[in-house]
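> Fit chain P to the supplied structure of chain G, relying on the hints for placement.
If you read the sequences in order, they're chains G and P.
Numbering of the first sequence is given in our numbering, commencing with residue 1 and proceeding in unit increments.
Numbering of the second sequence is given in our numbering, commencing with residue 117 and proceeding in unit increments.
If you're looking for bench data, these hints aren't it; they were derived computationally from the structure.
Each hint should be verified, as a subset may be incorrect.
Computed spacing ranges between beta-carbons, pair by pair [claimed, not checked]:
id	chain 1	residue 1	chain 2	residue 2	range
1	G	Ser58	P	Arg167	31 to 37 Å
2	P	Arg158	G	Ser87	15 to 21 Å
3	P	Glu168	G	Pro8	36 to 42 Å
4	P	Glu168	G	Val12	29 to 35 Å
5	P	His192	G	Gln80	43 to 49 Å
Quick caveat: nothing in here was measured; it's all calculated off a predicted structure.
C-beta atoms are modelled at their ideal positions from N, C-alpha and C, and glycine is treated no differently.
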Amino acid sequence: GAGVSQSPRYKVAKRGQDVALRCDPISGHVSLFWYQQALGQGPEFLTYFQNEAQLDKSGLPSDRFFAERPEGSVSTLKIQRTQQEDSAVYLCASSPQGARGTDTQYFGPGTRLTVL
Amino acid sequence: SQKIEQNSEALNIQEGKTATLTCNYTNYSPAYLQWYRQDPGRGPVFLLLIRENEKEKRKERLKVTFDTTLKQSLFHITASQPADSATYLCALVSASKIIFGSGTRLSIRP
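Isolated chain G (complex conformation) (with noise of 0.2 Å):
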């Protein structure tokens, strides 16, 4: 593909639904990260992996956020019972190599969550 998709692109949410956004990294990306932004801020680290495996999931706010990428590939951030402070722009990025940092970070589009 030509770069990092994430679907959907905006989802709305009643308080205490579970939700569950995709991040298709770019094709042979050894690293993914997930960011969630929230308006007028930066994007706030929340979980990385390297290939399948998740090696940093501190900024994870709560236990209620969940995330994997069982094949190395395509990864979920799922929310559960979702709260109007959930509500932000989750950004996933792919980046080629493991070192984490060292290199560009490609960013999807993001998925605008609206937690009513």
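Coordinates of chain P only, in the frame set by chain G:
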């Protein structure tokens, strides 16, 4: 705690002038610093990376400096154009952490 500040929320300058954006950080020793551009409704796009042992990096009309003593990076766009209008984010990279600033919204008026 670690903190990154970008000089202002918004910067408005005349086309043709040089835009200068600032990124200051505290309680941090980054190995690399990256600058990204973000347009509304889109993900950030990587522009430049500078390493801690590099003073300056250039790419076309872009120039980045990195002063580890002052704990500051400056991002310059020369001969600015309305198409340069966007939000610019700095990101500090150290060991296994990546921290983004909140961004500066740059507007270039014709």
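> Does each hint fit the structure? Answer for all of them.
Now the hints, each set against the structure:
1. G/Ser58 <-> P/Arg167: 31 to 37 Å: 24 Å, violated
2. P/Arg158 <-> G/Ser87: 15 to 21 Å: The hint (15 to 21 Å, Cβ to Cβ) holds, given that P/Arg158 and G/Ser87 are roughly 19 Å apart.
3. P/Glu168 <-> G/Pro8: 36 to 42 Å: At roughly 40 Å between Cβ atoms, G/Pro8 and P/Glu168 fall inside 36 to 42 Å, so the hint holds.
4. P/Glu168 <-> G/Val12: 29 to 35 Å: With Cβ atoms ~43 Å apart, the hint is violated.
5. P/His192 <-> G/Gln80: 43 to 49 Å: 45 Å, holds
Hints 1 and 4 from the list above are not met by this structure, while the remaining hints are.
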